[in-house]
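**Q** So the chains spell out like this:
Number of protein chains: 2
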Amino acid sequence: MASKMNTMNQPTLQDDGTYLYEQVADKMTTLIDGGTLRPGERIPSVRKLSGQLRVSISTVQQAYVLLEDRGFVEVRPQSGFYVRLRSRNLPPEPKPSSPSPSATKVGVADLVAKVFEAARNPNVVPLATAIPSSDLLPTKQLNRQMAWVARHNGREAMNYDFPPGNEALRRQVARRSLDWGCSLSPDDIVTTCGTMEALNLCLRAVAKPGDTIAVESPTFYGILQASLGMKAFEIPTHPRHGIDLDALDRAIKKNKIKACLVIPNFNNPLGSCMSDKNKKQLAEMLGHREIPLIEDDIYGDLYFGATRPKAAKAFDKRGLVLLCSSFSKTIAPGYRVGWTAPGRFKAQVEHLKTMNTVATATLPQMAMAKFLENGGYDRHLRRLRKALAMQVQRMILAISQYFPEGTRVTRPAGGFVLWVELPKRVDSLELYRKALDKKISIAPGPIFSAKQKYQNFIRLSCGQPWSDRLEQALITLGRLAGKAQG
Amino acid sequence: MASKMNTMNQPTLQDDGTYLYEQVADKMTTLIDGGTLRPGERIPSVRKLSGQLRVSISTVQQAYVLLEDRGFVEVRPQSGFYVRLRSRNLPPEPKPSSPSPSATKVGVADLVAKVFEAARNPNVVPLATAIPSSDLLPTKQLNRQMAWVARHNGREAMNYDFPPGNEALRRQVARRSLDWGCSLSPDDIVTTCGTMEALNLCLRAVAKPGDTIAVESPTFYGILQASLGMKAFEIPTHPRHGIDLDALDRAIKKNKIKACLVIPNFNNPLGSCMSDKNKKQLAEMLGHREIPLIEDDIYGDLYFGATRPKAAKAFDKRGLVLLCSSFSKTIAPGYRVGWTAPGRFKAQVEHLKTMNTVATATLPQMAMAKFLENGGYDRHLRRLRKALAMQVQRMILAISQYFPEGTRVTRPAGGFVLWVELPKRVDSLELYRKALDKKISIAPGPIFSAKQKYQNFIRLSCGQPWSDRLEQALITLGRLAGKAQG
Numbered sequence: 002m003a004s005k006m007n008t009m010n011q012p013t014l015q016d017d018g019t020y021l022y023e024q025v026a027d028k029m030t031t032l033i034d035g036g037t038l039r040p041g042e043r044i045p046s047v048r049k050l051s052g053q054l055r056v057s058i059s060t061v062q063q064a065y066v067l068l069e070d071r072g073f074v075e076v077r078p079q080s081g082f083y084v085r086l087r088s089r090n091l092p093p094e095p096k097p098s099s100p101s102p103s104a105t106k107v108g109v110a111d112l113v114a115k116v117f118e119a120a121r122n123p124n125v126v127p128l129a130t131a132i133p134s135s136d137l138l139p140t141k142q143l144n145r146q147m148a149w150v151a152r153h154n155g156r157e158a159m160n161y162d163f164p165p166g167n168e169a170l171r172r173q174v175a176r177r178s179l180d181w182g183c184s185l186s187p188d189d190i191v192t193t194c195g196t197m198e199a200l201n202l203c204l205r206a207v208a209k210p211g212d213t214i215a216v217e218s219p220t221f222y223g224i225l226q227a228s229l230g231m232k233a234f235e236i237p238t239h240p241r242h243g244i245d246l247d248a249l250d251r252a253i254k255k256n257k258i259k260a261c262l263v264i265p266n267f268n269n270p271l272g273s274c275m276s277d278k279n280k281k282q283l284a285e286m287l288g289h290r291e292i293p294l295i296e297d298d299i300y301g302d303l304y305f306g307a308t309r310p311k312a313a314k315a316f317d318k319r320g321l322v323l324l325c326s327s328f329s330k331t332i333a334p335g336y337r338v339g340w341t342a343p344g345r346f347k348a349q350v351e352h353l354k355t356m357n358t359v360a361t362a363t364l365p366q367m368a369m370a371k372f373l374e375n376g377g378y379d380r381h382l383r384r385l386r387k388a389l390a391m392q393v394q395r396m397i398l399a400i401s402q403y404f405p406e407g408t409r410v411t412r413p414a415g416g417f418v419l420w421v422e423l424p425k426r427v428d429s430l431e432l433y434r435k436a437l438d439k440k441i442s443i444a445p446g447p448i449f450s451a452k453q454k455y456q457n458f459i460r461l462s463c464g465q466p467w468s469d470r471l472e473q474a475l476i477t478l479g480r481l482a483g484k485a486q487g
Numbered sequence: 002m003a004s005k006m007n008t009m010n011q012p013t014l015q016d017d018g019t020y021l022y023e024q025v026a027d028k029m030t031t032l033i034d035g036g037t038l039r040p041g042e043r044i045p046s047v048r049k050l051s052g053q054l055r056v057s058i059s060t061v062q063q064a065y066v067l068l069e070d071r072g073f074v075e076v077r078p079q080s081g082f083y084v085r086l087r088s089r090n091l092p093p094e095p096k097p098s099s100p101s102p103s104a105t106k107v108g109v110a111d112l113v114a115k116v117f118e119a120a121r122n123p124n125v126v127p128l129a130t131a132i133p134s135s136d137l138l139p140t141k142q143l144n145r146q147m148a149w150v151a152r153h154n155g156r157e158a159m160n161y162d163f164p165p166g167n168e169a170l171r172r173q174v175a176r177r178s179l180d181w182g183c184s185l186s187p188d189d190i191v192t193t194c195g196t197m198e199a200l201n202l203c204l205r206a207v208a209k210p211g212d213t214i215a216v217e218s219p220t221f222y223g224i225l226q227a228s229l230g231m232k233a234f235e236i237p238t239h240p241r242h243g244i245d246l247d248a249l250d251r252a253i254k255k256n257k258i259k260a261c262l263v264i265p266n267f268n269n270p271l272g273s274c275m276s277d278k279n280k281k282q283l284a285e286m287l288g289h290r291e292i293p294l295i296e297d298d299i300y301g302d303l304y305f306g307a308t309r310p311k312a313a314k315a316f317d318k319r320g321l322v323l324l325c326s327s328f329s330k331t332i333a334p335g336y337r338v339g340w341t342a343p344g345r346f347k348a349q350v351e352h353l354k355t356m357n358t359v360a361t362a363t364l365p366q367m368a369m370a371k372f373l374e375n376g377g378y379d380r381h382l383r384r385l386r387k388a389l390a391m392q393v394q395r396m397i398l399a400i401s402q403y404f405p406e407g408t409r410v411t412r413p414a415g416g417f418v419l420w421v422e423l424p425k426r427v428d429s430l431e432l433y434r435k436a437l438d439k440k441i442s443i444a445p446g447p448i449f450s451a452k453q454k455y456q457n458f459i460r461l462s463c464g465q466p467w468s469d470r471l472e473q474a475l476i477t478l479g480r481l482a483g484k485a486q487g
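Chains as they are written, first to last, in our numbering: chain A, 2 to 487; chain B, 2 to 487.
No lab work stands behind these hints: they were computed from the structure.
None of the hints are false.
Put simply, identical chains are the same to the list, so a pair is met inside one copy or across any two.
Derived pair list, reagent style DSSO-like, types lysine-lysine, alpha-carbon separation capped at 30 Å:
id, residue 1, residue 2
1, Lys435, Lys347
2, Lys439, Lys347
3, Lys452, Lys96
4, Lys96, Lys254
5, Lys425, Lys106
6, Lys347, Lys115
7, Lys440, Lys347
8, Lys209, Lys347
9, Lys347, Lys454
10, Lys115, Lys318
11, Lys209, Lys115
12, Lys439, Lys425
13, Lys484, Lys115
14, Lys106, Lys209
15, Lys257, Lys106
16, Lys209, Lys454
17, Lys259, Lys106
Quick caveat, the model's predicted, so the values are computed rather than measured.
In isolation and in its complexed conformation, chain A is listed as follows (with noise of 0.2 Å):
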């Protein structure tokens, strides 16, 4: 549908940051999953809607496209948009966070180790680690890329590539740097060994063990453990709307805060978004104070809606913001290519990467770069986020049938992880031994949060197509999540 998206009028952003379609897109949804619209209903014409809402026709089809790649609405040839089956009823979302306000000593580690090693069992339901399928990744392509390669570059290949690393690769990201919102040069840009070795050695330019680092809460154990000893001081977040901004000033008023680390698009595990105006504010808030934003970006090509949200390093006039990312969740988790605009904390940052891994290995770096420059990655990530959006949308109301009462889940608008508030009672720890005796893997809620809180969350990844099998796991998830003793 994306491509119907070009022939468009170009969307109109609103004063709250938001596209005005979206607000358009929202209305609807309220309808469906307040059942004022019901599944296999027809919905309003776009003219006639336009003439309701006193938007143009333009914008009312941007809008249903959105409600399409959501999974709320589905094309019937020469009829119109129709409301797809089974998509009201759904649980409410979970409440934004509130952590309390004091930094704590991160040390989850032997619950993540546990969680990880889980994972790896192919015998076992994957659903605790984010990995797409290969089923829905450019494996072909992108390896017939790596092929040529090395049968073409046979000396560059053998050597290191020393930071700042694969000068083409660069090129490529720096490209792409205007989908969200900035213009990066080849030589603003250090490739790591995935978004983990950038934002590890992002947190190690700009603190040192002891020091306090904001984060969201809930938010990726990975980068918890990432910080070699700092402190985590969790801010309120929204599922939503992201980061509580608000909480945030305060806690930078009230203590020493040394960086700050953020997910603004679709944070994992909640799936929340800011709005551009959230992110600018966000940037010019730390900036003011000189706080280093951290922001991890892997999942900001995984939208769902019409168009890339922008980072939130499109309003860093400061060079404080250090944006991290990679091809992992969209490309190849296997080729381990990552990257990192560190703004004014480059040559740290660099030579950091010398002492961690030396340099990224040379030939993945080469072949996706070969990848991106050839035109592959646009047609693929149009057809990975449909999918995605599909699977996320499956997941919800597979959870909406089989969880107990009193289960919230988010609506993320990208990315493919789910976080499932459970009803207090249910102890997602042993939820997680429970379903891992029927060969499901689950994340707990615990290790999202540096003070283990969470205790009756979990999050369910959606990066397997959607499967008998996986089905099957819900209903027995749900079944275990419903029989938890109080």
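Following the hints, complete the assembly by docking chain B onto the known chain A.
**A** Below, chain B alone, put in the same frame as chain A:
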């Protein structure tokens, strides 16, 4: 010549941990160095020397092969062994180091960064970085394996190869461990992005920021840098026999040493190689006090003698030795494939690996495993060792010809770096800058010491095949060193 070795008797190990034939070769070297045997002269026949020294024919044969490999003698068909031209009047070796007995916070970052940066310039003669010329590497064979695995293992290639890492590769490493006196199983091993990541992970597994690590003096700057806020306690080290065990013993008795980090085989920059006896003593001395030993064996396969030196890990009875190595000096720096056998710290190392880079790139590991499996490695190593031994010897001769009086230089029995002590008046940092103006990169001594000692030392890499350009660079270097003011 190594193939000839295979038909000889097994060499006899002496009480001091060296082989008898090595002692014979050392004796002859002394005669050549001292001018008793002069260039172009025929040395005693095998039979004659066997009678003179009362050792077996086979021992003398092995000694002469070693001397040939080291570049001291050459065979003339139907005639015998002759002293190579220009192989006498060599500068003496540097004396054992004597660092002051206290711990130092490591901080030579800026200097190391500059040296690395200069080394990346292709217009500069690369004597600074210990990188083997790609002319010496199995470029075609390895890249062919890479193209093959990329075409035939599509899905597997795309996926994370989570720690402990690629199983086929771990099996190959475990097989080779017999060569260095160990008998590892694949389960003992964790793969990494090169030796540098292995060292980082092992350091972090056994020590915290602020802890003190005992190291050789001088030693590889990467290790010092990697130490992540740890302190280095520099131990005197002999240019031929390695770390001074008495001094180490005193240090661990008097100070709180959290771990010891050593390069027993061909220390970088010294080229020293510990005897088996000393390795055993080292492992026992530390084991007795439960102090972990991180062993860097990256140069172990690059021996010039007849047999592969053992790892200290061979004498590890308590799982306290964390052995680290890679294929970056022997097969392909750019593939970034390394590994560690971290003994009882395996769980921590695996976890730290996950949190540092998640996984090592999949395809490079698969290609490397295939290359090792298909048996090309040993053949390649024989050629590589011979080439490096010649290059090292050639460089020593050039130093003896072109460097000022008072210069000392090491006689490494493996690896490919030389540690050069210049007259006291020479400031190696100034020499480094002046050499760079002339487009020659060298590694100044202070980067090999946390205390920035070794002001009048430089390290020269012999990774490049001998050429007029190289000779010209050494003439220039020698001239610059000679002109240095007191």
